[in-house]
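Read top to bottom, the protein sequences are chains A and B. Sequential numbering of the first sequence, starting at 1, is according to my numbering. Sequential numbering of the second sequence, starting at 1, is according to my numbering.
Hints are computed from structural coordinates only; laboratory data are not their basis. Treat the hints loosely; a few may be bogus.
The list makes no distinction among identical chains, and a pair is therefore deemed to hold if it is satisfied within one copy or across any two copies.
To be verified - The calculated lysine to any residue pairs, modelled on SDA-like cross-linking and capped at a C-alpha distance of 20 Å, are:
id, residue 1, residue 2
1, Lys362, Arg313
2, Lys399, Ala388
3, Lys362, Glu323
4, Lys399, Pro389
5, Lys394, Gly470
6, Lys193, Gln352
7, Lys394, Glu323
8, Lys193, Val269
9, Lys362, Arg308
10, Lys362, Gly307
11, Lys394, Thr384
12, Lys399, Pro278
13, Lys394, Arg373
14, Lys193, Lys399
15, Lys300, Arg313
16, Lys399, Ala453
17, Lys193, Trp283
18, Lys394, Glu451
19, Lys394, Asp341
20, Lys394, Glu438
21, Lys394, Ser420
22, Lys394, Thr383
23, Lys399, Glu451
24, Lys300, Arg315
Protein chains: 2
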Amino acid sequence: VPDRAGGRVHAVVLAGGSGQRFWPLSRELGPKQLLGIFGTESLVAQAIHRVLPVLDGGASDVTVVTNERLFDELRNHITAHDDAELHGVRYLVEPVGRNTAPAIALACATVALDDPDGVVAVLPSDHLLDDGPVWRDTLHAAVKAARAGYFCTVGIEPTRPETGYGYIRVGASLDGLVVGTAHPARVRAFAEKPDGPTAVGYLADGGYLWNAGIFVMRASAYLERLRADASTAPIAHAAFAIAAGVSADEARAAFSALPSVSIDSAVMVSCDCAAVVPATMGWSDVGSLLSLEGLAAPDKSGNVRVGRGVDIRTRNTVVHATERLVAPLGVEDLIIVDTADATLVTSRDAVQDVRLVVDALKALGAEEVVQPRTSLRPWGTWTTLLEAPGYKVKEIDVKPGARVSLQRHTRRSENWVVVSGEALVTRGDEALRLSPGESVYLATGVAHRVENAGSELLRIIEVQTGEYLGEDDIERIHDDWERHDAR
Amino acid sequence: VPDRAGGRVHAVVLAGGSGQRFWPLSRELGPKQLLGIFGTESLVAQAIHRVLPVLDGGASDVTVVTNERLFDELRNHITAHDDAELHGVRYLVEPVGRNTAPAIALACATVALDDPDGVVAVLPSDHLLDDGPVWRDTLHAAVKAARAGYFCTVGIEPTRPETGYGYIRVGASLDGLVVGTAHPARVRAFAEKPDGPTAVGYLADGGYLWNAGIFVMRASAYLERLRADASTAPIAHAAFAIAAGVSADEARAAFSALPSVSIDSAVMVSCDCAAVVPATMGWSDVGSLLSLEGLAAPDKSGNVRVGRGVDIRTRNTVVHATERLVAPLGVEDLIIVDTADATLVTSRDAVQDVRLVVDALKALGAEEVVQPRTSLRPWGTWTTLLEAPGYKVKEIDVKPGARVSLQRHTRRSENWVVVSGEALVTRGDEALRLSPGESVYLATGVAHRVENAGSELLRIIEVQTGEYLGEDDIERIHDDWERHDAR
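All chains should be modelled from the sequences, with the hints used to inform the complete structure.
Below you can see the structure in the form of structure tokens.
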């Protein structure tokens with residue numbers, strides 16, 4: 001089996017993006033790669049599952065690269081499903097964000113330490129891709145090209161003159177690298193996002209592909225290539241130093257000094273060994289709220305709806321409203337995105353400018369651009385129902401078999417009311433069993449924990465009272481996940 | 001004082017309207033006249049306060065005519081403020097809705113029984129009107145005209161060629177009836193809502209006024225006029241019978257048999273004694289969501305905003321969002337109305353069609369067209385925060401000095417957590433004092449009540465659990481307001 005020669009295949013999933021263009025569905029602490037609306041699991045979990053079949057080492061050969069801020073929530077999402085396989089995933093936290101070239105270098109250095117001939121498949125965490133034989137052939141061919149010394153990308157056959165993507169101009173075929181339906185070729189050129197007429201020309205020409213942001217290569221080859229140029233050599237040096245184990249402060253200092261540069265401009269554009277696997281599978285970069293159109297069939301007026309409501313005298317309008325009732329009347333070409341705490345009403349033409357809204361809200365200090373309403377935890381989720389001076393009401397779900405950390409608060413007291421499932425509550429020295437309708441008072445300073453004592457979901461309404469109700473008022477006495485910060 | 005000759009002046013406030021055109025701010029059980037956004041009190045309370053200065057008998061000479069469905073909520077709104085005066089208001093419940101002529105007949109028959117020469121001032125409950133000297137002169141002049149035998153209306157000097165109102169063509173002056181700035185005149189004709197060019201002609205002519213829906217006349221004269229015509233005589237007969245005291249079933253039967261007819265077509269158009277007091281005061285029938293434009297000053301792009309959010313690349317758009325954050329982007333000429341449980345996004349051109357949305361939602365059985373999220377009670381308010389199978393979470397506010405009825409439920413248990421203020425809770429034989437953070441469990445079948453034991457607002461989070469959580473699962477053992485139905 002040629003794929004297995006020369007080191008294992010490792011997946012590097014880039015999951016540090018902030019996804020402002022998907023607000024209010026995405027938030028700073030709940031970015032696009034964590035969205036669960038495009039399928040049964042989040043986009044990042046889909047990305048990992050999609051690559052597992054080509055990994056000899058399974059999930060332990062998956063490295064998720066993210067940042068400090070997103071790490072906890074990201075790990076909670078990846079392990080949220082009853083899918084023990086994904087618990088083996090490894091995480092790399094970028095000391096600071098410096099675009100893709102340094103992030104990939106860090107992953108490659110880590111892989112190379114363990115598996116000097118290892119091949120990395122670098123994958124975005126927030127795209128949609130049809131998983132199937134075409135994808136598997138594509139990936140195998142790309143790995144084969146990587147082993148042959150190429151820096152291999154994946155090019156999607158364009159279906160429209162899209163101006164939002166970069167293009168790859170296909171060069172000479174690499175017939176020796178064919179795998180099934182996948183026919184790798186040399187890259188003749190990378191082209192930036194084109195204007196409209198240029199995009200029409202690309203489509204007519206037939207020799208241009210959409211750049212899907214996937215890169216497959218030997219880890220060592222990538223690092224060597226960085227070292228070969230004075231402008232990118234520091235990236236490789238920093239990556240090696242961090243992979244070898246320096247202090248967090250040294251890592252931060254090393255990374256901070258690096259240029260912010262993409263793999264495309266640092267390596268792909270200038271190297272003479274770029275290859276591409278053309279692929280005809282369904283693909284989307286989920287680049288704007290227009291992607292919501294794909295979630296349901298349009299009605300006869302072209303309206304797409306997810307959620308309750310009615311569309312009256314309305315055309316070509318998308319409504320995504322999972323929490324409440326939304327009714328457009330006498331409008332057209334709108335995208336209406338409604339969430340529990342924020343609503344965006346945008347014209348189709350303006351979807352690329354959602355970041356203007358996010359920036360303006362950030363300037364106002366609006367929490368709605370930062371915090372998702374529901375937060376995933378290793379043991380389940382919590383959702384804020386109401387927040388007001390002096391009190392906060394949350395809905396807490398604990399998965400069967402799981403328990404919250406043993407904790408106490410110095411500035412708030414809590415009341416827990418069980419509304420479904422069976423709870424085992426620890427309060428100081430007491431152990432209390434609570435059924436739906438029963439409640440417990442947790443005074444300030446008293447150690448407490450709740451465990452799901454049944455086989456169904458345990459749901460609790462928590463009413464917090466106190467002068468200070470920040471998530472950081474928590475002391476973890478014992479935690480099944482060894483966390484020390486916010487619950 | 002001529003006004004006091006010939007019986008007292010009585011106000012009849014028509015408050016049975018359903019106000020679909022204001023959805024989602026208005027609901028079937030929370031119609032436009034109960035909206036508190038146009039000032040510090042609801043429109044109906046404003047209507048009552050506005051007429052009090054001309055009533056010798058004060059609020060006890062105010063009759064609010066409504067229907068069975070709205071009665072409880074309406075009375076709660078009228079008595080919601082610390083305004084003992086309004087507690088004296090009387091209520092008349094129409095057995096069934098039959099438009100204004102029968103409703104006014106019922107009020108006139110009731111007034112005439114008590115005060116045979118009484119004059120009634122019939123007022124809408126859901127308009128905005130500048131309260132001041134012009135209004136008082138207008139009302140005094142109208143009463144004077146009524147005593148002189150006229151059926152007197154109020155006509156607003158038009159300020160634009162409005163096509164949404166009926167018009168009154170002014171006839172000969174009635175110089176003997178002048179009061180201050182108010183100069184009554186005969187009505188030459190009533191004109192239906194005109195088309196655009198006709199409205200422009202009316203405005204240019206100068207002899208046309210907007211019909212404000214206000215009618216002042218002797219109660220007995222109105223009833224006599226109804227009796228004088230075979231088609232309207234049954235209205236007077238039914239009104240007399242009901243006022244004299246028949247059973248509820250007989251009243252319903254008598255009213256059901258009546259034609260559904262307005263006072264305009266039953267009496268005003270055909271009578272030869274219609275008068276009008278022209279008035280130049282500010283007035284609005286608050287007829288559509290466009291009235292929200294008056295609530296704040298527009299920004300430089302013509303956007304009007306109530307509530308949190310940002311308007312990006314947006315023009316001539318109204319946002320009314322009191323609960324959550326709403327952000328329009330790249331849109332124009334929209335009205336966006338956001339409430340806790342429903343959002344309407346309409347073009348300006350379509351505001352008159354909001355009833356199409358309401359009808360469509362009603363056909364789907366959507367509770368959001370019926371129930372307001374917050375419900376007023378004599379003792380305060382409650383707001384539903386969350387409703388799900390098996391449990392419901394409410395925020396309950398109890399006014400200082402007030403208490404909820406002593407009650408019990410047969411199918412649900414409740415937990416109360418005090419989040420602000422001081423509570424005195426009765427539970428069976430116990431009396432418990434609770435401060436913020438403290439809670440109490442109320443088992444199914446146990447009699448309970450809560451009283452505000454402090455001088456601040458008492459706020460409680462109530463978590464209900466049970467298989468059935470309808471508002472009708474309540475047995476009132478004692479109630480300060482002698483209510484027997486929903487709390």
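Each hint tested on the structure:
1. In the homo-oligomer, the alpha carbons of lysine 362 and arginine 313 lie at most 20 Å apart only across protomers (17 Å), although the nearest pairing inside one protomer, at 35 Å, exceeds that limit.
2. In this assembly of identical chains, lysine 399 and alanine 388 lie within 20 Å of each other by CA distance solely across copies; the values are 18 Å between and 28 Å within a copy.
3. In this assembly of identical chains, the alpha carbons of lysine 362 and glutamate 323 lie at most 20 Å apart only when taken from different copies (19 Å versus 23 Å within one copy).
4. With identical chains, the CA atoms of lysine 399 and proline 389 are at most 20 Å apart between copies only, with a shortest distance of 19 Å across copies and 30 Å within one.
5. Taking identical chains as interchangeable, the C-alpha atoms of lysine 394 and glycine 470 lie at most 20 Å apart only when both belong to the same chain, with a minimum of 13 Å there against 23 Å between chains.
6. Proximity of lysine 193 and glutamine 352 under a CA criterion of 20 Å is satisfied intra-copy only: 14 Å inside one chain copy versus 45 Å between copies.
7. Proximity of lysine 394 to glutamate 323 under the C-alpha cut-off of 20 Å is found in both arrangements, the shortest distances being 16 Å within a copy and 17 Å between copies.
8. For the homomeric pair lysine 193 and valine 269, the shortest alpha-carbon distance inside one copy (14 Å) is at most 20 Å, but the shortest distance between copies (70 Å) is not.
9. Taking the closest pair of Cα atoms, lysine 362 and arginine 308 come within 20 Å of each other only across two copies (13 Å); inside a single copy the shortest separation is 29 Å, beyond that limit.
10. Proximity of lysine 362 to glycine 307 under the C-alpha cut-off of 20 Å is restricted to the inter-copy arrangement: shortest distance 16 Å between copies versus 28 Å within a copy.
11. Taking the shortest alpha-carbon separations for lysine 394 and threonine 384, both the intra-copy value of 4 Å and the inter-copy value of 14 Å come in at or below 20 Å.
12. For the identical chains of this complex, lysine 399 and proline 278 are neighbours neither inside a copy (43 Å) nor across copies (70 Å), given an alpha-carbon limit of 20 Å.
13. In the homo-oligomer, the alpha carbons of lysine 394 and arginine 373 lie at most 20 Å apart both inside one protomer (10 Å) and across protomers (19 Å), since each shortest distance falls under that limit.
14. With identical chains, the CA atoms of lysine 193 and lysine 399 are never at most 20 Å apart, being 45 Å at best within one copy and 62 Å at best between copies.
15. For the identical chains of this complex, lysine 300 and arginine 313 are intra-copy neighbours only, at 12 Å inside a copy versus 30 Å across copies, given an alpha-carbon limit of 20 Å.
16. Proximity of lysine 399 to alanine 453 under the C-alpha cut-off of 20 Å is restricted to the intra-copy arrangement: shortest distance 10 Å within a copy versus 40 Å between copies.
17. In the homo-oligomer, the alpha carbons of lysine 193 and tryptophan 283 lie at most 20 Å apart inside one protomer (17 Å), although the nearest pairing across protomers, at 57 Å, exceeds that limit.
18. Proximity of lysine 394 to glutamate 451 under the C-alpha cut-off of 20 Å is restricted to the intra-copy arrangement: shortest distance 17 Å within a copy versus 26 Å between copies.
19. For the homomeric pair lysine 394 and aspartate 341, the shortest alpha-carbon distances inside one copy (14 Å) and between copies (18 Å) are both at most 20 Å.
20. Taking the closest pair of Cα atoms, lysine 394 and glutamate 438 come within 20 Å of each other both inside a single copy (16 Å) and across two copies (17 Å).
21. Taking the shortest alpha-carbon separations for lysine 394 and serine 420, both the intra-copy value of 14 Å and the inter-copy value of 17 Å come in at or below 20 Å.
22. Within a single copy, lysine 394 and threonine 383 get their C-alpha atoms as close as 5 Å, and across copies as close as 16 Å, so both meet the 20 Å cut-off.
23. Within a single copy, lysine 399 and glutamate 451 get their C-alpha atoms as close as 9 Å, which meets the 20 Å cut-off; across copies the closest is 38 Å, which misses it.
24. With identical chains, the CA atoms of lysine 300 and arginine 315 are at most 20 Å apart within one copy only, with a shortest distance of 9 Å there and 29 Å across copies.
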